[in-house]
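**Student:** If you read the protein sequences in the order shown, they are chains A, B, C and D.
According to my numbering, the stretch in the first sequence is residues 1 to 401, in order.
According to my numbering, the stretch in the second sequence is residues 402 to 802, in order.
According to my numbering, the stretch in the third sequence is residues 803 to 1200, in order.
According to my numbering, the stretch in the fourth sequence is residues 1201 to 1598, in order.
I should point out that these hints are in silico values taken from the structure, not numbers from a laboratory.
Check each hint, because a few of them may be wrong.
Said to hold, decoys possible - Just so you have them, the derived chain A footprint on chain C, three or more residues with Cβ under 8 angstroms:
1. 937-949
2. 1001-1007
Unchecked claim - Taking lysine-lysine and the PhoX-like style, the derived pairs with C-alpha atoms no more than 20 angstroms apart in a straight line are:
3. K1393(D) - K1240(D)
4. K276(A) - K982(C)
5. K1310(D) - K1341(D)
6. K685(B) - K284(A)
7. K1380(D) - K1438(D)
8. K127(A) - K1075(C)
9. K528(B) - K1473(D)
10. K127(A) - K1162(C)
11. K983(C) - K1040(C)
12. K677(B) - K1341(D)
13. K1381(D) - K677(B)
14. K842(C) - K995(C)
15. K1075(C) - K188(A)
16. K1274(D) - K1253(D)
17. K943(C) - K982(C)
18. K983(C) - K276(A)
19. K982(C) - K1040(C)
20. K528(B) - K1560(D)
21. K677(B) - K1380(D)
22. K943(C) - K276(A)
23. K1473(D) - K589(B)
On a predicted model such as this, the values are computed, not experimentally measured, just so you know.
Note that CB positions come from ideal geometry on N, CA and C, so glycine has one too.
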Amino acid sequence: MDFAFSEEQTQLRDALRRYLSQQYTFEARKKIIHGSGTSDAAWTGLAELGLMGVPVPEPYGGFSGTGVDMLVVMEELGRGLVVEPYFATAVMGAAFIKHGGSDAHKTALLPNVADGSLKLACALTEKQSRHELHNVMLSGTAQGNDARRSAAPDNGFSLNGSKTVVLHGAQADKLIVSARTSGAARDKSGITVFVVDKAAAGVTVHDYRTIDGMRAADVTLVNVGVGRDAVLGKVDEGYALIERVAQVGVAALCAEAVGCMAAINEQTIEYLKTRKQFGVVIGKFQSLQHRAAEMFMEFEQARSLAYLASVKVDSADAGERARAIHAAKVRAGRAIRFVGQSAIQMHGGMGMTDELAVSHFFKRISMIEATLGDTDHHLAAFAALGSVQENTTAQAAALTA
Amino acid sequence: MDFAFSEEQTQLRDALRRYLSQQYTFEARKKIIHGSGTSDAAWTGLAELGLMGVPVPEPYGGFSGTGVDMLVVMEELGRGLVVEPYFATAVMGAAFIKHGGSDAHKTALLPNVADGSLKLACALTEKQSRHELHNVMLSGTAQGNDARRSAAPDNGFSLNGSKTVVLHGAQADKLIVSARTSGAARDKSGITVFVVDKAAAGVTVHDYRTIDGMRAADVTLVNVGVGRDAVLGKVDEGYALIERVAQVGVAALCAEAVGCMAAINEQTIEYLKTRKQFGVVIGKFQSLQHRAAEMFMEFEQARSLAYLASVKVDSADAGERARAIHAAKVRAGRAIRFVGQSAIQMHGGMGMTDELAVSHFFKRISMIEATLGDTDHHLAAFAALGSVQENTTAQAAALTA
Amino acid sequence: MELNYTAADEAFRAEIRTWLNAHLPADLQAKVLGHRRLSKQEFLSWHKTVAAKGWVAPGWPVEWGGTGWTPTQKHIFDEECAGAGTPQIMPFGIAMVGPVIMRFGNEGQKRHYLPRILDGTDWWCQGYSEPGSGSDLASLKTRAERRGDKYIVNGQKTWTTLAQHADMIFCLVRTDPEVKKQEGISFLLINMKSPGITVRPIVTMDEDAEVNEVFFDNVEVPVENLIGEENKGWTYAKYLLGHERTGIARVGGSKRELAFLKSVAAEQQVDGKSLMQDMRFASKVADLEIELMALEMTVLRVVSAESHAAAQGKGGPGPEASLLKVKGTEVQQRLTELMVEAIGPRALPFHVDRFDDPAKGEAIDPLAAYYFNYRKTSIYGGSNEIQKNIMTQMILGL
Amino acid sequence: MELNYTAADEAFRAEIRTWLNAHLPADLQAKVLGHRRLSKQEFLSWHKTVAAKGWVAPGWPVEWGGTGWTPTQKHIFDEECAGAGTPQIMPFGIAMVGPVIMRFGNEGQKRHYLPRILDGTDWWCQGYSEPGSGSDLASLKTRAERRGDKYIVNGQKTWTTLAQHADMIFCLVRTDPEVKKQEGISFLLINMKSPGITVRPIVTMDEDAEVNEVFFDNVEVPVENLIGEENKGWTYAKYLLGHERTGIARVGGSKRELAFLKSVAAEQQVDGKSLMQDMRFASKVADLEIELMALEMTVLRVVSAESHAAAQGKGGPGPEASLLKVKGTEVQQRLTELMVEAIGPRALPFHVDRFDDPAKGEAIDPLAAYYFNYRKTSIYGGSNEIQKNIMTQMILGL
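Looking at chain A on its own, in the form it has when it is part of the complex (with noise of 0.2 angstroms):
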């Protein structure tokens, strides 16, 4: 039982947060997001840290990193508030492949994500979908005569329908979406996960910004053909590895949303520390101190279960595994809500501006707590879980048998 991070891990932390603070200014990042939403200079510093390496298994190219190593550098990009596809690319692109695809997926994707010369996102959401992945309507059409069909390959798919919110959609090279190749629209059967070059005939990208400063894109297909070769997983049974690449993105979102909570209390408390009104600092109110002292808390409990989810989200057990992600998500979820709007209302009316970071942070958790399934969506699914008691005893245990 041990909480420390390792050396490496320690480093990397370090090396990453030194770039940031040194090349990611909150200045710079304001330009990034007014200009072109991304930074090529700043993906390929990132790549240079070899921070889209840590998730790619080493024969790869990459450091084989764990759950933990992702949450070491999730936390920093959150703390760091960087808006550049790393989320898309390394953390769902990447773990689309690692457990979805063949070798020769495998061969020839993971090495250019490792290096950063290769760009992924993800095309999931339907805008009937809400927070239910399994929600697919888009199509994927097999081999046929009339006009759809005829656009599909030899023994391949044609791909018709639309995805919305496609995290950094415009900015990828290659398009992960899944498709509904048999059954009707909420069926977990019958939904088949596709790799699809953003160039290729037939795919519309419309680019956006998001809320938060991300970018993200309105996706449709029009009779875009794909091969066999285009599917991750097994045809029609896309949606075990869509949840499994999910509970990834969640543990990656909690780690994310611990960093920007970090930096939120740190900035707040240094405002309770500096704001005067009637002659004193407003650190010295009681009302707020205990107010700041919550949210204290409210990240401890947050950041406890996002490191639980890091480890367990490398467990072979699913029961345990779920049960950790859904707690995670549903424990950042309240904290963002209350440490977010706790810490614009300190910050008092200069916390609505855009000039100053903390309103920055507010929308980029709350737009987490949004992303991969809310609080309430992971609520629902940790009840549905049932009474999972660990560690408890024999003696306890029978009473509730």
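Knowing the structure of chain A, use the given hints to seat chains B, C and D on it.
**Tutor:** Structure of chains B, C and D alone, referenced to chain A:
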């Protein structure tokens, strides 16, 4: 639109408050709850003030009081922490007779309620029923040949089964009992309400204290024979009557809770103004000030809906009535939790003692929360009413269409 | 106790509603209902429409263009306007400086300014807060030095809502720096076109420009623009803050937004059914609806008490306004929270280019920005912490 | 980061569990699991059983009868005991005065008292709070005047848990009333059988008699019962309050109560199904379970930090204990709230005569009393407001 009380209501309130503050002191009450549980002298005193007659229609010797009149009474009984069987007799019992009784019932019973000579209790809850008053297993069997049925008189019923937490069951002269006369345990049809003499053969009553200083009883009926004339309302259709009476009860409980919370808030403010720590009265600490302000707001919000419920409980519009009743109980429940717990916390160790009234108020309101449907129960019922949007304009209504 | 509206009240409501149906332009209404951003022209044209009908200042005495309505009628009017989705009548002239001029201004000031407020000739803004003076308003530093028949004003105001549209600003300025902070403040009316005034927009986190900094660099203000006596401005400022507060709860607007929330949620799917059928979400909406019902009753209780007080010749609302402010903003903020929750990941896209036109995009487009924007409500107009301080002192006596 | 227990840890857990299975009497366990009230004899017999095994003071140095366990092992032991439903080992001797004597007592005191604490010969109680000194502990007034080789003690202590069972009390007393309040306090050990001591029970709202007032009327205390130096007692008191705090979160006990809550709720019906199938109730339980999971991780983080600190020869826990206290009590109180919610109207009956025997009545009988009793947890041991003050100062630096 006028929230003022009438002159008569104000006089009744003042008289009752004066009587209770003089005759029903905290010390006197303590003797009662550790003695027989109720006080004949107090009952007589309250009857002389005309309290029992308030809900009774004029033709039967009462004052035909409205829901608002009952609010005035219950608020004061709450403020005085009265443990006498007023709720059982004059609120619930009288409402059963009024809404379900035949002329004969009314003539025989209501005048005695009004003059204080008859006490009633309502036996509705069973061990398995929790907050669902249609969850009735106590059986009412029509006359027949087997052992049970032979106990039923001509055209009558034999009652068998148990009720629990019958408020003031042992102190009552007559019990109003819900029984299953057809259908299965949770059917809403098939329930019949009977008036049963407590002294009848086969009725056993086990009296006990409740944690809030009241009395309740477990009631067991074995082959208790009752005639058709014991039926309130219609055979098999008793649930509508029970629901109607429960609304009257809920409105009264909300008013009582408001009276209790008024007292709690006054006592807490007083404590904050006198208790010193660190050289100042603790009411100077901002965290306690703000909590007190929040208690005030919770109280006022609960009071507003208690008022609304007291008016709407008399409404002929079932939807409007249900909406106001459910809302009032939910809002009272939220306030109860916050006001009660905060009061104890701010009283510190003293709040934990039996010695101060505040702990008794806290216990009483907590049990009000658990009586006739808790917060979740009424929240679910409110949500199920659907989106009855009063007073929204046509334009806004069009949006929801 | 009579909690139903009288037949006369209902007739009054019908009259208002009929008039609104006939006069509120559909495109303007669509913008308000759709949480879009309004232009100066849009605010102003609605102001003029209502002013032409004589309803723009129900709180004013009839002699100055008020309506003579009862408190209940005023409440009904507010509710109907909010429910219909009219643009807000800006409070800075009608509800803020107007009553101050009426109470403390001289005849010349009244005759000049009040009609111009009423008909919308002057757009007013409020010069209260400064960078160093937020909750501690009386610590303000903007200086006004008397020189002959002029004041020379130097300093800075901030959080000045819609100052970019304003013709006039009413300002608290320090005219005597030597005395206790509340005693050296004066109340000045300043033309926004005066040389030396600079307005700089403050970009808020939703990338809107609702609020501004206003800089004063040797701005000359004629002494006749002083309200009442020099150094008595704090009294007038407090009067302003305590005036006409029942509207502060914004019950009508919240009822409209609740209906909107339900309509949005009803279109969202979860577990194969509508989000409004989801027990967790439906419980939150029900809880909020109940809170709003309670708030409406609380407002009506205050209105009712006002009516009784008015009947006895007594004045205005007391510190209950603080309760209405806190609960009102909690409800408003919670509504925006649940809207964002309802739309899930679709809260992310920031189509700020669509925010001026409901025909662009979808109804859900502005909702996340609306959530972030509404964090202001518990900060402005005396933060909710300040309101709790007021309740603590004025009601609880702590 | 390694969040799984090592094989050695698991073996250790198995050893503890096996021993508990063999030695915890079933009737005693049933009382604890059933929220019944324990007698002095029951507490004591369990203390002696554990003491005989050598496990009663895991936090003590081995030379004085400690176990030499790692922080993780101590945590496992606590968790197993709590999970099994053992009676609590009273903290007043083992966890409170014991470490003070060890650190600040003289050799004679150590040799006399420590073995008697260990084997249960002396039942200790705590003389800290006074009627006028709760959160402001240092303002205490109980006087001890030195006369020859004795102190004469006069005054009153309150909230003295289980003083009616106690053989000894450790007291903070004022030995110098002339100096700053923290500087005139001494730490005295007093025999409860001394003439002049009166113990009066305080009846709590659940009609229990857990706490007492203790009156001192010219009580003679030998000077050798002084710990350390005269007027240095505040230092020792603070040491005591800061010692061994990870257990304060009571994670093990809360896990047991969570299982109990689920078992109770599973037996309740709503809408024709189990209450645990009700989405609203299940959500509350899930939220609480998640909070408890987080708290367990937070405790383990503190334990882990302690282990690292211990490895570097650094000491004890810091102000994180305040976080554990606040969150721990919130979880405990929430558990009792949900138990009461679960049983609906059946919370009302107050069968206090059944509270000493789980064979009487039903498992749900004591639950409302348990809820009311547990309101104490956010008050005692430094109220949660005081804990927030500590965090504010020690962690946040405000």
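**Student:** Could you tell me which of the numbered hints above are not met by this structure, giving the numbers in increasing order?
**Tutor:** Hint 5 contradicted; others consistent.
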